[in-house]
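Both chains come to you apart, so use the hints to assemble them.
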Amino acid sequence: MSATTVVRLELAQSAEAAISIRGLCKSFGGLPLYHNLDLEIPKHRITTIFGPNGCGKSTIINMVAGLLPMDAGEVLFAGKTLRQTVIGYVFQNYREALFPWKQAIENIKYPLKLAGRSREECNRRAEELIASFDIKFDLRRYPYELSGGQQQLVSIMRALAPNPEVLFLDEPFSALDYEMTLFMRDKLQEIFQATRTTTILVSHDLEEAVYLADQVLLLTRRPTRIAEIVPFGAPRPRHPETLTSDEFVRVKARCLEVFQREVRK
Amino acid sequence: MLNGRLGAITPTLGAIGFLALWWLISALKWIDPILLPSPVDSFRAAWDGFVGGGLTKDFMITVRRTLSAFAIAVAISVPLGIVLGSSQRVYSSVEFVIDFFRSTPASAMFPLFLVILGVGEATKIAVAAFGASLLILFNTAYGVMNARKTRQAAARVMGASSGRVMLDVTLLESLPQTFVGMRTGVSFALVIVIVAEMFIGSTDGLGQRVVNAQMIFNMPEMYATIFAAGVLGYGLNLLFILIERKFVHWGGK
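Note that the protein sequences, when read in sequence, are chains V and X.
The C-terminal position of the first sequence is numbered 1436 in our numbering, with every residue numbered one higher than the one before it.
The C-terminal position of the second sequence is numbered 264 in our numbering, with every residue numbered one higher than the one before it.
The shape of chain X in the complex, shown without the other chains (with noise of 0.2 Å):
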């Protein structure tokens, strides 16, 4: 009883124990209340700017531009995956050039997007687009690459012509390795969208809040912001997660 109870608060024991610290340090005045103010004016602020305070609104900007810089990214480089992996020989031939530009920090190539694409929207959602498509450009190759020879082996036998075997075999193997791609991948676009959204010259989203809060000394609206930046983050992996336990069922059996 007393097991099945503490079974199912276990899972949340670190949160609370997190808390349970933050709201010590603070109260004891451990550290400065100026630079860690209390959970609980945090969380009001949090309440506060959601409520009204702007803070949805940087939410969304932020939301739109990781997804519009997701997509662009899915949109390029899945296919392209596909026919880099479809070929050993072909994906042999780029595999320096993308594991090369995968291993260079994508915020290194913010100046030269500025210089092409100028101080604005565009340029911070080129960067993060930049950055996850070669995430899931390598995956979904290595996907298509590392589909079961059995499989395809046995759409063969069964009469299967190449573009079927393509079709109904390689591409739904190559699935779960391509969702692995685009989970990283919607990760670090919001990354790059954070970073872009504070230093390029920005007037709005979640990383612009971030360091105008610091710049006025509005600790609790700062750690708000980081606290929704958060919640983004863990929110489209879980996302991303839930989708891909729907769509690719047998990934891992």
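If we strip away everything but chain V, and leave its shape as in the complex, we get (with noise of 0.2 Å):
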């Protein structure tokens, strides 16, 4: 058995889905972006997202957040609605998504503050993630006074402070240096390796999309359908050197081909 096979096996096996999608429509301005589109996205997986410019790959993963209201269909969370499901979410735009009057510690507990947490879960919660994401730097300065790749750790934190079932990620890296990217790539992939939490990443990089994923999730131009999935199952920590191994070589290949096949349309 290839490794692809088994990867397509143990998809089939983690049969209940984290998320199905189920006749979503959408459209902007009288022109459709998505009609009628079913989707299921697997439990305990890194699920990527890439697709031509302007193909909706983050208006999907908005509408699914509850971010962007869709035009019809439903969407359930392991069969639960939106509102009974806890979830994270992480923008391109750390900047403008975390808050600058709480300091980043603060920002880390407010999830938890919300849920109604009491004072010490936060404290203690907020200690495990430090452990967790192995944090060097002081967490009780105000957001802008971190760098921008500290920032973006802490809207990762953040995002994860509640547990969630499903932790969708908008670009997250696509505002950092090649350097930074690297460093949060591997600190994403510790983390799921730790939690396996349910992941959704939109990304714009073929290679950061491949990489990080269990299955990438090719979109076509719009109207938008799902063009296919592509599993990668090469065995977790990938490294660096994962970026040149064959399979890696043969997913990314495969995946360009569908989105050359998809954007000449």
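Simulated from the structure, these hints should not be mistaken for lab results.
All clues stand as given, with none of them false.
Coverage of chain X stretches by chain V, computed from C-beta distances (three or more under 8 Å per stretch; other residues unrestricted):
| # | region |
| --- | --- |
| 1 | 159-168 |
| 2 | 174-184 |
In silico contact screen, one side only, chain X against chain V (beta carbon under 7 Å); selected entries:
| # | residue |
| --- | --- |
| 3 | A171 |
| 4 | W261 |
| 5 | K264 |
Positions of the beta carbon are idealized from the N, C-alpha and C atoms, including for glycine.
Structure representation (structure tokens):
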């Protein structure tokens, strides 16, 4: 059995989907973006979303996360509605997503406070996160006193604080320099391996989309459909060497082929 | 070394130059000394005025009027601005009225307020409060309207209700702009109070003191009072900048 088949089997076995999307429709200014989209996102996997510019990569996760209304359709999280589900969301623009009036540590505790957790619980969970992220900088500083990478780390910690069932990341590293991006990818992987949180990551960088993914969701041009779901089964933790492995090169080539086919259409 | 020393006095060079020029003009009598007394005479008048000549009393009266007008304006406009700003539609419907009255010189409203409130303390404070409140109102409303959508979305996705989003995010987001409104509002209130003290049957305050000094041709006294009004305006502005830095430490970052 090839590694790909193993992953396919595993995906089939974790039959219960973390997210089921049924009949999702969305138009902008009369032009349909999504029409009757059905999609299942598997539990405890990293699904990355990649597609042509303007195909609605971010739009779809925004609708699933409840930030943008759908025209029609239904989204269930393991059978529950969004309201009954704890989710985490990491924005591309960390500068505009963190609260500059709160210290970094208070930003991280904010979702816990919203959930009505006690001060002790908030502190305990914050300590846990600091330990698992191996944070070395001072979290009592304000977001604007931190570097871009540090701010995005704080954003991710904030999103993970309430132990979400699903973590959404919308191009989380695209505003960071390459060195920081590599560091953050590995950090995200590490955290994923420790928590197995179902993760959906939108990326405009195919290398990143494949490197992090258990499966890459490739989208078509608008009106947008799923072009193909390409699994990637390289063992974790993945390293920069993974980028040169045969399987990575093959999967990336396959994704690129589908992408180019869709762009040329 | 020299650079360092020069650097320290750079901010005061303009003031020193101004005083030197004033002194030169009055010493050489380029302008009739009755119209332009020397800086020394003027500062002596200010000193005498503050120590026992009633300048302190008039100064405090103007401060009290300005701050009363400002307090009324804040109490009305900040909550109202938040309400108007939180709905784009509501704000659009009143935008013209706000812009119109904001553009109307508040001093043109004196006669109207005189008719309604009479020649007293109330009129001066009311006109100043009127002008300041429009400035604070539209700044607060703009602050609320232009709150970063991403931050509101971030709070929403973490499960915050609309009330919590308003309280935890939108209000704080609007603070820098609200402070801009308050700072311009307090300066504006001072302008209106001084004008009101000059013209509408006033017996005290800095405005009335300037006019009185001018009528009896007591020029040092007049300059001293103008100087006191300047100190007041500058001081209020500085005070608000300091408060702003303390409370809105993230502003502009």
